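A.B. asks: The lines below spell out each chain.
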Amino acid sequence: MPPLLHQVFRPVPFCTYYRMAEIADTRLARLQPRAGFKLAAVWTYLGVLPFFVFIIAFLIFPATNLFAGAFQDAKGNFTLVNIQGLFSPYILKAYRTSLEVSLITSLSGGVLGFFVAYAITMGAAPRWVRSMLLTFSGLAANFGGVPLAFAFIATMGRTGFVTAILKSICYSAADASKVCPLDPYEAGFSLYSTVGLAVTYTYFQFPLMVLVITPAIEGLKREWREAAENLGASAWQYWWHIGFPVLLPSILGATLLLFGSAFGAYATAQALTGGSILLVTIVIGQQIRGDVLGDTNLGYALAFGMVVVMAVCIALYTVLDRRTSRWLRR
Amino acid sequence: MAFLEISGITKHFGQGAGAAVDDFSLSVERGEFISFLGPSGCGKTTTLRVVAGFEQANAGSVHINGAEVSSVPANRRNVGMVFQAYALFPNMTVAENVGFGLRVAGQPAALMQARVAEMLELIRLPDYGRRYPHQLSGGQQQRVALARALAVQPQLLLLDEPLSALDAKIRIELRSEIRRIQQELKLTTIYVTHDQEEALSLSDRIVVMNLGRIEQVGTPFEIYNYPRTAFTASFVGHLNLLPVQVTDAATGACTFEGTALASSQPAPNKQAGSARLAIRPEELVLGGAGANRLSGRVLSVNFLGNVVRVRVRVGAVELSVDMFNERKLVLPAVDAQVVLSFPAHACWLMD
Ligand SMILES: Nc1ncnc2c1ncn2[C@@H]1O[C@H](COP(=O)(O)OP(=O)(O)OP(=O)(O)O)[C@@H](O)[C@H]1O
Ligand SMILES: [Mg+2]
Chain A
5 MPPLLHQVFR PVPFCTYYRM AEIADTRLAR LQPRAGFKLA AVWTYLGVLP
55 FFVFIIAFLI FPATNLFAGA FQDAKGNFTL VNIQGLFSPY ILKAYRTSLE
105 VSLITSLSGG VLGFFVAYAI TMGAAPRWVR SMLLTFSGLA ANFGGVPLAF
155 AFIATMGRTG FVTAILKSIC YSAADASKVC PLDPYEAGFS LYSTVGLAVT
205 YTYFQFPLMV LVITPAIEGL KREWREAAEN LGASAWQYWW HIGFPVLLPS
255 ILGATLLLFG SAFGAYATAQ ALTGGSILLV TIVIGQQIRG DVLGDTNLGY
305 ALAFGMVVVM AVCIALYTVL DRRTSRWLRR
Chain B
149 MAFLEISGIT KHFGQGAGAA VDDFSLSVER GEFISFLGPS GCGKTTTLRV
199 VAGFEQANAG SVHINGAEVS SVPANRRNVG MVFQAYALFP NMTVAENVGF
249 GLRVAGQPAA LMQARVAEML ELIRLPDYGR RYPHQLSGGQ QQRVALARAL
299 AVQPQLLLLD EPLSALDAKI RIELRSEIRR IQQELKLTTI YVTHDQEEAL
349 SLSDRIVVMN LGRIEQVGTP FEIYNYPRTA FTASFVGHLN LLPVQVTDAA
399 TGACTFEGTA LASSQPAPNK QAGSARLAIR PEELVLGGAG ANRLSGRVLS
449 VNFLGNVVRV RVRVGAVELS VDMFNERKLV LPAVDAQVVL SFPAHACWLM
499 D
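Chains as they are written, first to last, in my numbering: chain A, 5 to 334; chain B, 149 to 499.
Just so you know, these hints were derived from the structure itself, not from any lab.
Please note that a few of the clues may not be correct.
[Stated by the list, open to error] Computed beta-carbon distance windows for the label pairs:
1) A/Ala128 <-> B/Glu332: 41 to 47 angstroms
2) B/Ala257 <-> A/Gly127: 32 to 38 angstroms
3) B/Asp483 <-> A/Glu222: 57 to 63 angstroms
4) B/Tyr234 <-> A/Ala61: 36 to 42 angstroms
5) B/Gln303 <-> A/Arg327: 46 to 52 angstroms
6) A/Met126 <-> B/Glu266: 52 to 58 angstroms
7) A/Ser238 <-> B/Tyr234: 21 to 27 angstroms
[What the hints assert, rightly or not] Straight-line distance between alpha carbons at most 25 angstroms, and here's what the computed SDA-like set of lysine to any residue pairs gives:
8) A/Lys225 <-> B/Lys476
9) A/Lys225 <-> B/Ala410
10) A/Lys225 <-> B/Thr395
11) A/Lys225 <-> B/Leu434
12) A/Lys225 <-> B/Gln232
13) A/Lys225 <-> B/Asn450
14) A/Lys225 <-> B/Ser489
15) A/Lys225 <-> A/Leu252
[To be verified] Covered stretches of chain B (in silico footprint by chain A; criterion: 3 or more residues with CB under 8 angstroms from a CB of chain A, positions within the stretch not fixed):
16) 294 to 304
17) 342 to 350
Because the structure is a prediction, the values reported are computed rather than measured.
Note that the Cβ used here is the ideal one computed from N, Cα and C, for glycine as well.
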């Protein structure tokens, strides 16, 4: 039971890939004939060679380069100027905006996604609604970047058609002036602001949450709910004492995933606002573009800073996860 | 009125579906141990869930201790339930699981701890309070589930195949444990099973069910020795059936392939014609001096431990004969010609 629980309550992307790799691994091991061991081993290594080449060329090498670059000046001498540069008001503000947008969208997308997942698993929704929503989530969770930005500009932009529809709902007030209560831009909304960015991000955040949390909610056993009811618990007491605590490790993991996906997003924001909202990713883009205003090494330092932020988040997650999934450990 | 009065319960799942439970009525006295016995899908669980309040019946009523409970939600019925498996809360320790009912009822912590300790003592796992469910064996988990249901002092205990996920040895051990606890607490209990041995060994009375209906209600002795329907007779224990022609419906005399046989009861439909003569394998004797005698050929001999089951072909039918095993027993040889005998009072006529 415990390993099974573990699989069910972990976010899908991690565990499925991990499990698949594991299964493939054991299959491979069994296929290897004893006698031709050395030859088989050579072939195996040859097979994974492209993977290692790829990893070294495009992950380890650039990452090392990047970390080193964060501590170097343009001539390659060691310096802490870049790191100091991170604490300038301009860049601190970029970090704050990035963190804000990521936090807001991971929470709003998380909450929204949780309730959608809850509705399609626990609610009385017919099967086709459920499979339609899951298919949509699979698509939408991967629909980011420039197309998403333009889709939102076409609907919620200043001249977008949803904006136009909302704008056209008007009535005449007592003094014969025209009042349009639903005009979003009159009400202070702008797609090209932080709020607009958050709305746009939520479009891929909440389906991601749906995908990740649905299997966990499905893992809640009917017997737990009925046993709780049988012992006199109300629906609230069931959720408070059993449903929510059991889901908590998965919810934490999923929220972290959402946070990461928003924190690292670049193209959506760039296309939507043309770089007018300063996110860390956009500032990095400005620095490493290679024009005279840019400072490549500062860009490296900025990326380094992002890695540090994610590392802190993961550390925090690990601590929380240990506390909330005590009952899962042997 | 009996302590638990189930009257005319009928339950359909959706339009057009047949009845999962069909006009089920039963009176259970305080302190009785009742088993629902029947094949898979016959409506045992559904009936139990109606009593527990998890399912709403389409017709009929349930009275517990004189009160009609149809409109009382499941969490207010004070009816304990033990599920087939995996129903312990995985995020709580054994002690927290057992204390859950008292906790949600807002009982003081001291009382809760005392009660948890008492319950763990009752199920003989006093040192397991701090473990999590996944650190227990299946049998231990079911004991804890039982303790959890008992901790709130339910007026009625319902068990839905609580042992079916366990292996044979633990099953036997745990079922006598359940009986011991039930008698200690004098608790009115309904036990669902499709294992006839379990039902026969545990119950004060057995309710045999088939296709949503009650076939027969009776003590284990009545159910086994005086089955009233063909279904009960063949579902509980093994039964040999001989196609016979009734010659005298009043005395129960009949012939099987020309051989005259006597039974002690009149034919059920009170007339001559085709019928079936039922006889349990343990009532047939190889050789012997019974009034009814048939000859046949041994097909196989199966050694089952305490009994030896011999298959004998008699005319067009195959009969099972059970012999008690003893060290001096002489086993018949396969293909040997044998004579079977049985007394008139051991067999009965069925349609
Ligand atoms: N929720 C449900 N929806 C539709 N049909 C159901 C539902 N629950 C039970 N049934 C049907 O009702 C009938 C009785 O089911 P029930 O679970 O009571 O059988 P059972 O006697 O407990 O069987 P088993 O020994 O397999 O547990 C079955 O035909 C089953 O398919
Ligand atoms: Mg059942």
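A.B. asks: Next step is simple, just say for each hint if it's right about the structure.
C.D. replies: Results of checking the hints against the structure:
1. A/Ala128 <-> B/Glu332: 41 to 47 angstroms: Check passed, 43 angstroms falls within 41 to 47 angstroms.
2. B/Ala257 <-> A/Gly127: 32 to 38 angstroms: Hint holds: Cβ distance 36 angstroms, inside 32 to 38 angstroms.
3. B/Asp483 <-> A/Glu222: 57 to 63 angstroms: Since the Cβ atoms of B/Asp483 and A/Glu222 sit about 59 angstroms apart, the hinted range of 57 to 63 angstroms holds.
4. B/Tyr234 <-> A/Ala61: 36 to 42 angstroms: Check failed, 48 angstroms falls outside 36 to 42 angstroms.
5. B/Gln303 <-> A/Arg327: 46 to 52 angstroms: Taking Cβ atoms as reference, B/Gln303 and A/Arg327 lie about 39 angstroms apart, which means the hint is violated.
6. A/Met126 <-> B/Glu266: 52 to 58 angstroms: Check failed, 36 angstroms falls outside 52 to 58 angstroms.
7. A/Ser238 <-> B/Tyr234: 21 to 27 angstroms: Because 23 angstroms falls inside the window, the suggested range holds.
8. A/Lys225 <-> B/Lys476: Violated, because 55 angstroms separates the two Cα atoms, which is more than 25 angstroms.
9. A/Lys225 <-> B/Ala410: The hint is violated at about 57 angstroms.
10. A/Lys225 <-> B/Thr395: Distance ~60 angstroms between A/Lys225 and B/Thr395 Cα, so the pair is violated.
11. A/Lys225 <-> B/Leu434: Violated, at about 54 angstroms.
12. A/Lys225 <-> B/Gln232: Roughly 12 angstroms separates the two Cα atoms, so the pair holds.
13. A/Lys225 <-> B/Asn450: violated, 44 angstroms
14. A/Lys225 <-> B/Ser489: Given that 25 angstroms is the threshold and the Cα spacing comes to 55 angstroms, the pair is violated.
15. A/Lys225 <-> A/Leu252: Roughly 15 angstroms between the alpha carbons, so the hint for A/Lys225 and A/Leu252 holds.
16. 294 to 304: holds (count 3)
17. 342 to 350: violated (count 0)
Checked against the numbered hints given earlier, this structure breaks hints 4, 5, 6, 8, 9, 10, 11, 13, 14 and 17; the rest are met.
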